[in-house]
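Participant: Residue numbers (my numbering), protein chains in the order written: chain D, 1 to 260; chain X, 1 to 231; chain W, 1 to 388; chain A, 1 to 315; chain Z, 1 to 438.
It is worth saying that the hints were derived from the structure and are not from the lab.
Wrong hints could be hidden among the right ones.
Stated by the list, open to error - Here are a few chain A residues that face chain W, going by a calculated C-beta distance under 7 Å:
1) Ser115
2) Asp118
3) Pro138
4) Gly142
5) Thr160
6) Arg163
7) Glu214
8) Val255
9) Ser259
10) Ser260
11) Ile292
Stated by the list, open to error - Here are the simulated DSS-like cross-link-like pairs (lysine-lysine), alpha carbons at most 30 Å apart as the crow flies:
12) Lys171/Z / Lys95/D
13) Lys430/Z / Lys13/X
14) Lys94/W / Lys233/W
15) Lys120/W / Lys233/W
16) Lys120/W / Lys87/A
17) Lys430/Z / Lys18/D
Remember, it's a predicted structure, so these values are computed and weren't measured experimentally.
Here a beta-carbon is modelled for each residue, glycine too, at the ideal position from N, C-alpha and C.
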Amino acid sequence: MSNPYALELKDLRKSFGKTEIIRGASLAVNAGERIAVIGPNGAGKSTLFNLISGRFAPTSGEVLLNGNRIDGLKPFEINRMGLSRSFQITNIFPKLSVFENLRCGVLWSLGYKYTFLKFLADLDDANERAEALMHMIKLDRKRDVLAMNLTYAEQRALEIGITIAGGATVILLDEPTAGMSKSETRRFIELIKEVTVGKTLLTVEHDMGVVFGLADKIAVVVYGEVIAYDTPEAVRANQRVQEAYLGSHVAEAQAAGGGH
Amino acid sequence: MLKIENLHAFYGKSHVLHGVHFNVGQGEIVALLGRNGSGRSTTAKAIMGMVDCTGVVDWKGKHTLGMKPYEIAHLGLGYVPENRDIFPKLTVHQNLMLGQKSAKGGGRWSFDDMYEMFPRLKERQHTEAGVLSGGEQQMLTLCRTLMGDPELIIIDEPTEGLAPKIVELVGEYLKKLKEKGISVLLIEQKLTIAMSISDRALVMGHGSIVFEGTPDTLRADAYIRKEWLEV
Amino acid sequence: QKGETVRIAFMDPLSGPFANVGQNQLKSWQFAAERLSGAKNPAGVKFEVVGFDNKGSPQESLNTLKAAADQGFRYITQGNGSGAGLAILDAVSKYNERNPGKELIYLNYAAVDPAMTNEKCDYWHFRLDADTTMKMEALTSFMKDQPKVTKVYVIGQNYSHGQQVAKYFKEGIARKRPDVKIVGEDLHPIGQVKDFSPYVAKIKQSGADAIVTGNWGQDLTLLVKALNDAGLKVPMYTYYAGVTGTPTALAAGGDSEVYVVAYGHANHTGELGAMGADFFKKFSDDYYTYATYNGINLLGAAMAKAKSTEPAKVAKAMEGLAVKSFAGEVTMRASDHQLQQSMFITKWQKAKKGEYSVEKTGYTFVPIKEMAPYISSTPTSCQMKRPA
Amino acid sequence: MEFFTISLLNGISYGLLLFMLSSGLTLIFSMMGVLNFAHASFYMIGAFFAYTITQLVGFWPALLLAPLAVGLIGAAFEKYCLRRVHKFGHVAELLITFGLSFIILEVVQLIWGTSSVDYRVPAELSGPLFTLFGTQFPAYRGFMMLVALLMLVAIWLLLTRTRIGLVIQAALTHPETVEALGHNVPRVFMMVFGGGAALAGLAGVIGGNAFVTEPGMAGAVGPVIFVVVVVGGMGSLAGAFLASILIGVVQTFAVGIDSSFLGAAAMAGWQITPETFGYALWKLKVSQVAPILPFLLLVLMLIFRPKGLLGTREG
Amino acid sequence: MNASASPMTPSAYYGFKPLNIGRWVVWSLFALVLVAAPLVFTSSLSQTMLTQMGIAIIVCLSYNMLLGQGGMLSFGHAVYSGLGSFLSIHALNLVVKGQWPIPVSLIPVIGGLAGMLFAILFGYVTTKKAATPFAMITLGIGELVFAMSLMFPEFFGGEGGVSSNRVAGPKPFGITFGPQIQLYYLIAIYTFICTGLMFAFTRTPLGRMLNAVRDNPERVEFVGYDTRKVRYIAFIIAAFFAGISGGLAALNFEIVTSEVVSGYRSGAYLLFTFLGGATFFFGPIIGGILMVLAFVLLSEITKAWLLYLGLVFLFMLMYAPGGIASLIMMNLRVAAFGRLKELWVSYLALAVTAFIVLIGAASMIEMVYHLKLNPALGPQLKFIGISLNAHGLDSWFGCIFVMLTGIGLFEVARRQFARQWGEIQEFIEKEMKRRESL
Ligand SMILES: Nc1ncnc2c1ncn2[C@@H]1O[C@H](COP(=O)(O)OP(=O)(O)OP(=O)(O)O)[C@@H](O)[C@H]1O
Ligand SMILES: Nc1ncnc2c1ncn2[C@@H]1O[C@H](COP(=O)(O)OP(=O)(O)OP(=O)(O)O)[C@@H](O)[C@H]1O
Ligand SMILES: [Mg+2]
Ligand SMILES: [Mg+2]
């Protein structure tokens, strides 16, 4: 009760074989904040997301969601507690239609569990919610198209749609705009902003334009540790971050030209 | 070296490239720009013999159209596909091994060169490639193609998902390739890097080339940029 | 009834893994029917046998039975496998109950589960072969007189037939030679053993001087081969060494001492010997289902006696009927419809001149003992329900 | 002691034999991910070819020619059938090999008849190799063990000294990319499938006369070789080898154990009588279930260690 | 909670639920066919076949719950239908003895419950895994159960199996189930209800999540579902229906032998479900019908039936891997766009030429089989009314000639058809795009 954090990592560690990938990461995120996670390739950002969302169990350390320990729980258990994530590599249900994809994302949170005694068509709340989502991610026109026949950008949008479908309060997005053009990215960021109003958001991004445009705070992960966690301006000014991640002019150019 | 004329490509019944013309000279970096879906990746695949197409693809005086991809690769063309087609169950080292065209090796590049270029890969060389981070996978695909010792390398969005610092590094490396006499056909989304290293830029729109010129002329041509590159 | 045609539906596997046996037996029936038709049988009828493929499956047998009944067949014959046999027995019984006036008769020529003539016996079923208990009576009677036999190892397939062989052997030998010790008993899953050498090691360790087995097919040949390979020379007493394919496999495995108990053998003379020779000439295959001969003879005699080919009457006539067979007189016992007949013990050995070379292997089964019907006759618990 | 030694020897030789039967399957399965249901059928045609060739020119040429012929059939099947269904996924691939096994069975019965053929062990190799405690160890069995070991070495070399394995594994996920790197993927697939079939054929040449050459032989060995591959671990040659030996030894020794749950229950002080529920199960002896132990092992293995003994992946 | 608060929610969308006329028509037709079939096919053999088709339809549909809808490739489905059969027949025997006062018509439900019970038991371990490990565990359990079924005559009845008599217990309205036709209607009712229930299942949350588990089990875990539980429950439900079909089979044959749990059975379910079409709900219905036709009819017509079966599978997999159902659906799609009419000439041409090829090829196969199986009956044989001489060159040449001509003509027809088909597909794609952008 007293814990104010929506998500908190305490000295999280994870080793694969002998290599330690996450080396004592700590982070505390307030409810309603938008956090961008940045860091060099292979720093462990995705791994961090995997640990939080239950894909892997941490070697040691704690993860707390709204004050409850969730480390070591299964993904579906964590999801039921109100945390949802998207994937860096598109991960949807290829042989189901757009609408069905979204409805799958909705069912558990509305309490339908494993029931086989009700018809889907009669679940008005689930259907309405799925329709609304579809509208939000602008895929209404593709309602009955199989997900595998969507274009890349549409699939990415669907990916986000499924992620937010369950109404989770904490949302993790792993490189949501990867592979999109500038304009699409911009549209997408708006979309993300729109659908995550009032929620806690963590997103991994390499595009500095996006990062600075979206985030309230930035967490910098290097070699499995959070080396900086601050406002965008402060992080950009941070010498260590410059060295480890941003490099020289490219970052500047990107940050400046992000808006184009 | 590479000459493309009137190239038409099809996915089943859908006609994607409508008569593409361009060429790439020795030791030249040519950037192929364009919006999503304009047909750049398809052009790359067409050159590699991976889609149905008609027209002329001439590589060092040889018509390669209709050849199988592996035959084309043996002629000295290298291709780095766009969506990180690493082989997930093989280790990093094995992935690189598959880049070599013959088991004996003997190309211009050795494993060590690659590891030197991206030390990160050396650290992870015995890990399954499937668990690499997104960026590491991107590095791996690039190195894997280099291991095949190509004379012309077609790179589809190499900087996708890379940290800004690494993006810079890739840029540097492409320039080094050029110095060694290797031609590069660079398909890019990020204008900044493409403009800074390429000798020539092509802009593609709706399956044909709509602009050809130096980066500087492109920079100057606001209409082309507005019409074909941005929204 | 003279000049009438009696059609018999033969149902056994004609495709799939056991097709070889089924095909051979269908030919045997057709051959016997052709040979004993018309003037050759007292009723003067013409017999015709048509094959139905039951694929060895009890359920499929029921389908073929329906098909045969639809096509007007009134006589059914089957033999391969007691599973299918029991299914047919049961189905024929129900069919006759539900379709009075259109009765079927089931001639069982090789399904030897004793249940079919004991607790599950049925009025419409007639068995031409000898059941497991009868063969075991004959076998133990033979072994009783073999002083060499003192320690016996019993091995078999772990299903009803194998279990019955083991059980009846133990009972029989305890009665006739209480001094013979059972030094080991093994039941293995049917068709699952690829390598019998562990069993051979066990047999050797037990010090057995005789082996009794109800195994057939691969389970038998592999066992014999394994014994040969290990150089263990122990006589084997078997039921099914004569079945199609087994002699070939036995011959390929080298010399071994194998005995078979059966109601006939490869070296009959007279009518049956001639039939075997002609059969071979015609089909280049062995004639070993001698029950076909008895079966047709019995039907002919019963039809003559009943003066009809109507199954209801023929069945009645067949009860207690005695006919001359290739080995003395045989009787269809009325109490359980089990044919009472002589039994033979034969031995597997290189064929001498004039002896029948089984499956062209150069080996043959020579009869070393013939036992009169009473010796192998066993009591029955059958309480036959006869139609009113 | 005597029983133990002989059983161990039997167990190992049976294990090697299992390996010989399953090595081709392991090769195909671990590399291509295809559960080849027709593997046992290739084994069978190997035996029948060998029988015919032996009659014409003798056993030793058959040892070479029969596997070659089977390999060609396998390669042709890959080229004209399997390749077409590759894109529809593993279930389709499995089913098409299933269909093939029907066809092979029928064709074999058409050509060689439905019953067993007289295919014998060559004179040079019949008779005992040595005698131990009065039990002979057949020379032919020694020959089989030798061939099994040779197969192991050959596949091992193929896997470690060449990149064929890598090419195939890579092609399972991204065939186009592998081709673009300069590898002739279809040919490699064809060669591997043909090679696996040839190994099955070789096993047939050697197993056919050791056991019985008949149309039912494929069905008899079918399931157990799957067990070997799965227990060993998908994608692991060493695992398959280990699993073969393990299954061989376990099964052989289990035959020697005549105790049952009855004994155990008696020791625990329970009275089990024929009236007890499930008496049939209680009185079951270990030796009676020995031949089906592999299946039990398979189920247990998949539950507790789904990767198999030395496997690297689950699926 | 936020999502549904969006102002744009088209909440009225589902307020209006039109009566789905198409569905009513289809189901009424299905019922009609079930009722009318035995009135059209009246011989006792065709009635048994119809009965068995009902049974096969239920079991194939239940198998497809695993394969088509859940992506679970099972090699041991016969375990559940088979054990359902065994328990049913034991129950029936109790009824016969008067120890159990339940009507015979409810016996199949006992089979269903039995199948379910064993699925709860075995499914607990099998559904721990998916994909190949799942397939292999089911294979292992199938082999074990089959081996056991032979070893324990006490329960499984040994070689002869367990037999019973379905004419037992109370006889409401004089229905004894003795005559085949009465049993047929019982099975038809079960078939209709089970088909309906299984179809309904595909429209429930669990049914949909089962599809999701098939497509991408990993993602399912991240939307709150335990994949294993989804598989487990579906497995149990599938086994329930399999058990019902087993119970019906027990009533139909009145005997149950160990073959019902054999691997052959499981294999047959797999093959025919696939042949019928696993990707569509109604595919297995076709599969079930074909299964009975193949086993009962084809095998009587020709000894080469296994060869034909193998060839059919091979070609089917290569050219129409979606099974017969997918072929039907493709043509329905063409029909929906109103272009099926143009194809009938091509179809006729294809059918005629394919028939010619078939006659040529089949005659040769039959001659080979004849030579092999019946050498003594002389070289003459009759095949679909044609007399052939298996030793005569003219017969062989004739057949080869017929076949080659057939192949040539077929190829011509096929090319024409392929062109037309491609053109129509192109039209449909365009049309769909156009409608989409409306
Ligand atoms: N299952 C695993 N086994 C072994 N190593 C792993 C595993 N998962 C991740 N790694 C390693 O952990 C490191 C961190 O990977 P991660 O995917 O978290 O990086 P990232 O920060 O997301 O990078 P990017 O921005 O490039 O996506 C990488 O070096 C990767 O190789
Ligand atoms: N396999 C395919 N089948 C059918 N159409 C395809 C396929 N791949 C691409 N297309 C279509 O071809 C067109 C060109 O695609 P291409 O991948 O070449 O574009 P691109 O310029 O590389 O874009 P991106 O930035 O998305 O990589 C697109 O409209 C796309 O929808
Ligand atoms: Mg990442
Ligand atoms: Mg592209």
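Participant: In ascending order, which of the hints set out earlier in this document are inconsistent with the structure?
Facilitator: Going through the list in order, the structure violates hints 4, 5, 6, 9, 10, 12, 14, 15, 16, 17 and respects the others.
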